[in-house]
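Asker: Just so you know, the sequences run in chain order G and D. The numbering used here puts the first residue of the first sequence at 16, with every later residue one more than the last. The numbering used here puts the first residue of the second sequence at -9, with every later residue one more than the last.
Source of the hints: derived by calculation from the structure; they are not laboratory data. Do not rely on the hints blindly, as some may be mistaken.
[Unchecked claim] Listed below are the simulated BS3-like cross-link pairs for lysine-lysine, each with C-alpha atoms no more than 30 angstroms apart in a straight line:
(1) G:K75 x D:K322
(2) D:K79 x G:K352
(3) D:K142 x D:K114
(4) D:K146 x G:K127
(5) D:K79 x G:K72
(6) G:K127 x D:K308
(7) D:K305 x D:K315
A quick note: this is a predicted structure, and the numbers were derived from the prediction, not measured.
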Amino acid sequence: MISSEFKKIVRNSFILLCSILLTACAGIGEKRADITEQKPTVQRPAPSIEAPYDSFKIVKAGRNDTYTTLARKYLNDPLLASTIKAYNRGRPVIPGQKIVIPFGQFDRGGLKPEGYQTVPVLLYHKFSKSRSDKMTINADNFENQMRYLAENGYNVISIDKFVNFLDFSIQIPEKSVVITIDDGWRSFYDIGFPILMKYGFPATLFVYTDFIAGRKSVSWDQAGEMADQGINIECHTKKHRNMAKLKEGETLNQYLKDIIKEISYSKELIFKKLAREPQYLAYPYGATNNIVVEVAKQHGFRAAFTVHRGSNPFFVNNYRINRSVIYGNYSLSAFKKNLNVFHKRRLK
Amino acid sequence: MIIIYKHNIIFSLCLLACLLSFGIFGNVRSGACRTTSFQEFHRQEVSNCEKKGEFKKALISLKILRQLNPRDKKIAQEVIDFEKKIQSKAQQHFNWGVSLYNKKKYNSAEREFLITLRFDPENKEALDYLKYRAEDRYSKFYTSKKSDTLKKIARKIYKDSSKHFLIAYFNGLSPNDRLSQGQRLRLPIIQRSLAYKRTVTKTEVSQAEKYIKEEKYEDALDIAGTIRQHDLTNEDASSIEDKANFSLGKKLFNEKKYVEALEIYQKVDSGMPGISEAMADVKKRLKKKAEDHYRNGVKYYLNEELKLAIKEWEKALKLDSNHPKAAKDIEKARDLLNKLEMME
């Protein structure tokens, strides 16, 4: 009798326990529904200009979440980790804690009460295994510089992101840097490119098309191969003439025609060879004037680069962008002087 | 039998109550605790950011609070008031910017437009002034009159009718296109040897020097800015800037505004006599002040006043960004604060 009653107690308790567990599971279910934001099945759009600058979503951090995983999940770009971190004022990510994910471009231009963001655009030319001179950097120096950027919180961004920043349409991570290489020397493909790939850095190669496919330059196949791996191949004119000066005996009419040819021919050839339309121009010797700028605009270039040393705020003229030549014989401390990422100015 | 059955029910209900109180209520309590902490954080952010002049950040924190408390009318009203305040500040700076721009004080106008965009990133007019109208300052414009042709205009402007093709190119026209009366044309600036240098007048230089003596440094810098618009590497402009910045730096130093003084000194050419000594002097003062703040921070830390300690260390870092300990100590104190918040 006792044993059968005991069995009943156990059975009833078991039933109750099951119902409790079911209730609890339903609770968890609710919680999951609450946290569905953690594992979105549909990829969310990256922050866009269309979203109001102060639009956001509050989510709960999961067990293994970091700012990087959250940036990948919600903004489709792990590089935007610093953006989420800034939005949450640098608070550490703790499981179960609420985190605010920004969907608008709340920090376009990197404007702060104490100043504004500036972006250095670095310029290299030739590479060598061991030799270095003014225009040639050796592999060790280049690798040291890239390692310095990687280990010191710099964010190497693509030229597209940089120009979107200049157009005041997106925000970019703090300490953003752009890497460019001029001319199209073969040594970039052999030495510089693998180092950039090792660090996962995007870069832009400005080629002058008469030089390409020569004995010392990259071939079109190599340019295409690099383009497939995150290197933008852009325009550095046809013959690399100084476009800010008339040639001896050249009339203004001939000059204009030649400038148009320098720019349009190279743009068309790059498009023909790589099936990618160049959008950016680097002036040979960094030299330009208002006629060259007009030609660049009329040929649909979004931006053009000089070699005027200095970093760029978003309001720099898109057709007179500053670039700092990194000479091959620079020490690491000389290199660092070109990494000015913020301009102090009282803005309140 | 009935007694045993009753016992069975009572026992089961007790079990249920225990589980509920441990599980669900426990959960609710800890959830509430976290919510409060998150809300408190953003409430503090509203006042901190407002104090620092970071109104956009303060507004975002307010909006977060509004989302968490959708029925709280007070917060909803606060958001509306704050948005109005930001808009009014943006408009005020924009108006100042336009007024300075019209007086050709471009450097000062630029600052006002930047502040406008900091408050209101959607202000397209401020962006236009800042980024695109600057280009217009490098261009000449001409409004065509009755019977004007491109050749006539080229003769009038460049003393050479054959340059009409350039005007046509700049305005998307063919060289033989007819013009309509009142048509606004952008004229290319044809630089001598395509390397135009602007001549700086003696009056400009002496006016700038007068401004420096009168401590009107912004006005002196405006003159240098105007010269630079046409000639980026102009030496007279560099000299005016160096003198104005050096004097401004000295003034800030005497007012004990060491951070600001250093910022200004950094703009001065390192070859200018006296600048290295002046910079070394400021750095020395900054280091000393930083160390004082660092020590204050340590005292607060030992008294378990973590937030005050962090404030002091932040001040130390602001004064000496290479301070050997402040950054790490801030990190430690913040970790500790977070852990304490989680435990509450």
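Asker: Holds or violated: are the alpha carbons of K75 of chain G and K322 of chain D at most 30 angstroms from each other?
Answerer: Roughly 24 angstroms separates the two Cα atoms, so the pair holds.
Asker: Does the structure keep K146 of chain D and K127 of chain G at a Cα separation of 30 angstroms or less?
Answerer: Violated: K146 of chain D and K127 of chain G sit about 48 angstroms apart, past 30 angstroms.
Asker: Taking only the CA atoms, is the gap from K127 of chain G to K308 of chain D under or equal to 30 angstroms?
Answerer: Holds, because 15 angstroms separates the two Cα atoms, which is no more than 30 angstroms.
Asker: With a cut-off of 30 angstroms on the C-alpha distance, tell me whether K79 of chain D and K72 of chain G pass.
Answerer: 27 angstroms, holds
Asker: Given the proposed pairing of K79 of chain D with K352 of chain G, does the C-alpha separation stay at or below 30 angstroms?
Answerer: Violated: K79 of chain D and K352 of chain G sit about 36 angstroms apart, past 30 angstroms.
Asker: Does K315 of chain D lie within 30 angstroms of K305 of chain D when you go C-alpha to C-alpha?
Answerer: 13 angstroms, holds
Asker: Straight-line Cα separation of K142 of chain D and K114 of chain D no greater than 30 angstroms?
Answerer: 37 angstroms, violated
Checked against the numbered hints given earlier, the structure breaks hints 2, 3, 4 and satisfies all the rest.
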